[in-house]
Amino acid sequence: MKKYFGIILYIGLLFLVVFLQLSLVNSLPYVFSRINIILLALILFLFFLDFKKVVFLALGLGLLTDLFSFQLFGFYSLTLFLVVVLADFLLANWFTNRSAYSFLALTFFATLFYNFILYFFFYLSNFLSDSGFFLWQANFWQGLGLELVWNAGIIFLFFWVMNLTTTRLKPVFLDKR
Amino acid sequence: MFKNRIKQHIKIIVVVGLLIFLHFIGVLSPFEKLITKVSQPIFGSLYNLGSNWRNDHNKSVSQTDLNTKVGDLESQISSLVVENARLKDLENENQKLREYLNFFSQQKINYVLANVTSQENFLDSVKYGQNIIINKGSADKLIPGLVVINGQGVVVGKVLEVKDNSARVCLLVNNSCKLAVSILNQNRTIGVTEGDLGLTIKINFVGQTEKINENDIVATSGLEKDIPAGLVLGRVSQINNNENDVWQNVNVEPLVNFDNLGVVSVVLPQS
Numbered sequence: 066m067k068k069y070f071g072i073i074l075y076i077g078l079l080f081l082v083v084f085l086q087l088s089l090v091n092s093l094p095y096v097f098s099r100i101n102i103i104l105l106a107l108i109l110f111l112f113f114l115d116f117k118k119v120v121f122l123a124l125g126l127g128l129l130t131d132l133f134s135f136q137l138f139g140f141y142s143l144t145l146f147l148v149v150v151l152a153d154f155l156l157a158n159w160f161t162n163r164s165a166y167s168f169l170a171l172t173f174f175a176t177l178f179y180n181f182i183l184y185f186f187f188y189l190s191n192f193l194s195d196s197g198f199f200l201w202q203a204n205f206w207q208g209l210g211l212e213l214v215w216n217a218g219i220i221f222l223f224f225w226v227m228n229l230t231t232t233r234l235k236p237v238f239l240d241k242r
Numbered sequence: 071m072f073k074n075r076i077k078q079h080i081k082i083i084v085v086v087g088l089l090i091f092l093h094f095i096g097v098l099s100p101f102e103k104l105i106t107k108v109s110q111p112i113f114g115s116l117y118n119l120g121s122n123w124r125n126d127h128n129k130s131v132s133q134t135d136l137n138t139k140v141g142d143l144e145s146q147i148s149s150l151v152v153e154n155a156r157l158k159d160l161e162n163e164n165q166k167l168r169e170y171l172n173f174f175s176q177q178k179i180n181y182v183l184a185n186v187t188s189q190e191n192f193l194d195s196v197k198y199g200q201n202i203i204i205n206k207g208s209a210d211k212l213i214p215g216l217v218v219i220n221g222q223g224v225v226v227g228k229v230l231e232v233k234d235n236s237a238r239v240c241l242l243v244n245n246s247c248k249l250a251v252s253i254l255n256q257n258r259t260i261g262v263t264e265g266d267l268g269l270t271i272k273i274n275f276v277g278q279t280e281k282i283n284e285n286d287i288v289a290t291s292g293l294e295k296d297i298p299a300g301l302v303l304g305r306v307s308q309i310n311n312n313e314n315d316v317w318q319n320v321n322v323e324p325l326v327n328f329d330n331l332g333v334v335s336v337v338l339p340q341s
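Chain order of the listed sequences is X and F. If you read the first sequence in my numbering, its first letter stands for residue 66, the second for the next number, and so on. If you read the second sequence in my numbering, its first letter stands for residue 71, the second for the next number, and so on.
There may be inaccurate statements among the hints.
Rough simulated footprint, nothing fancy, chain F against chain X, three-plus residues with beta-carbon under 8 Å [to be verified]:
1. 75-87
2. 141-151
Sample of chain F residues lacking proximity to chain X, with all beta carbon distances greater than 12 Å (derived) [unchecked claim]:
3. 140
4. 144
5. 145
6. 153
7. 306
8. 333
Hints listed in this document are in silico derivations from the structure and should not be mistaken for laboratory results. Every residue gets a Cβ at the ideal spot worked out from N, C-alpha and C, and that includes glycine.
Required output: the full structure, derived from the provided sequences and hints.
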């Protein structure tokens with residue numbers, strides 16, 4: 066019973082994250098619209114849940130986003146899956162403790178991975194119709210910079226608040242492999 | 071451990087691939103429709119919340135701009151009052167003539183009302199962005215290329231893509247959103263609009279011989295399939311005509327606030 070309740074809770078959470086991102090955050094003024102709730106949720110999942118659960122949650126987020134998006138179906142799912150795999154690799158090998166630095170570094174790399182992979186997919190799908198490569202566009206870098214600042218800021222704030230209330234995030238080596 | 075992970079990843083990729091395949095062959099379609107339908111009201115209300123915030127934000131940012139604009143508008147009012155009186159006269163005359171000719175020219179436009187549910191938001195937004203998603207799609211007879219207007223009948227954009235219960239609409243300020251228009255000057259100059267940096271609209275390839283004035287109204291020309299003529303989209307704000315150029319560039323100021331689009335109408339083709 067508890068297991069099913071947990072699954073329903075996770076599904077509800079996924080819907081909430083996707084709703085907030087696609088309809089609320091995207092319609093905010095430009096500066097605020099660069100907050101990436103989907104990615105923030107994924108980073109937090111990576112820190113608090115085991116890898117298998119995170120992969121399923123990432124796929125859930127990806128499939129829901131794909132469903133409401135007008136891009137080729139599967140782009141978001143594949144991107145989020147790849148981000149989770151790469152981020153997990155970094156977590157297991159480099160950022161082995163739960164310090165603020167690990168949080169911030171992981172946020173930084175996950176944001177870069179997410180945007181590079183996603184926009185590369187977009188570029189491939191628009192290859193014939195588009196002339197410009199996304200990396201040569203000032204808007205892309207401006208948006209990415211803003212997204213990095215927002216994501217890092219929110220994660221840092223989250224870390225700080227959590228650190229006040231719990232000892233779970235004190236530097237502890239996690240990798241028991 | 072590493073091998074196990076690889077195996078796990080391959081399994082997941084297969085599952086995702088299967089889901090994508092099922093999507094494309096339409097097996098998932100009923101579930102997708104259900105989820106889309108159920109979630110649209112939530113999308114709509116959350117979008118309105120964000121849109122209102124953006125509107126307030128933009129108002130506060132442009133307070134100084136507004137003060138200067140108030141001065142300009144006050145000077146425009148007096149000339150508009152005179153013009154309005156003249157147009158009323160013309161309207162009366164026109165009505166009488168129509169009665170005499172027994173001519174019913176009032177176009178009956180079929181339209182579908184739609185709520186804006188979300189807005190596309192990409193990093194390179196000038197290229198991809200300025201698109202909105204509405205909650206009506208092919209189930210409501212929407213097809214790509216139809217024109218979208220706001221409550222006052224001013225053109226907002228064009229339908230780019232449709233799904234069963236949603237459609238993607240490019241706003242006129244989008245670089246890739248093109249629309250056949252005519253400038254309501256003496257010659258009824260025709261041209262094609264395209265968005266300019268996500269801020270304004272420009273009309274390219276207007277011949278040097280065309281005489282265009284600032285504040286001329288720009289409306290749809292009716293040369294595009296399924297788009298009726300005479301739907302207003304803006305007024306000419308700037309004309310760049312260097313004598314050495316073959317064409318003159320015309321900038322158009324849209325008459326619609328793209329930040330405040332909660333409900334729009336899609337003009338359906340005449341049956």
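Closest CB of chain X to the CB of residue 140 of chain F still more than 12 Å away: The claim holds: residue 140 of chain F sits with its nearest Cβ about 23 Å from chain X, beyond 12 Å.
Residue 153 of chain F: least C-beta distance to chain X exceeds 12 Å? 36 Å, holds
Beyond 12 Å from each Cβ of chain X, as asserted for residue 333 of chain F: 14 Å, holds
Beyond 12 Å from chain X, beta-carbon-wise, is residue 144 of chain F? Holds, since 29 Å exceeds 12 Å.
Tell me if chain F covers the stretch 141-151 of chain X under the three-residue, 8 Å CB rule, please? holds (count 4)
Compute the least Cβ-Cβ separation between residue 145 of chain F and chain X, then decide whether it is above 12 Å. 31 Å, holds
Minimum Cβ-Cβ distance from residue 306 of chain F to chain X exceeds 12 Å: 27 Å, holds
At a Cβ distance under 8 Å, does chain F reach at least three residues of the stretch 75-87 of chain X? Result for this restraint: holds, n = 4.
Taken one by one, the earlier hints all hold for this structure without exception.
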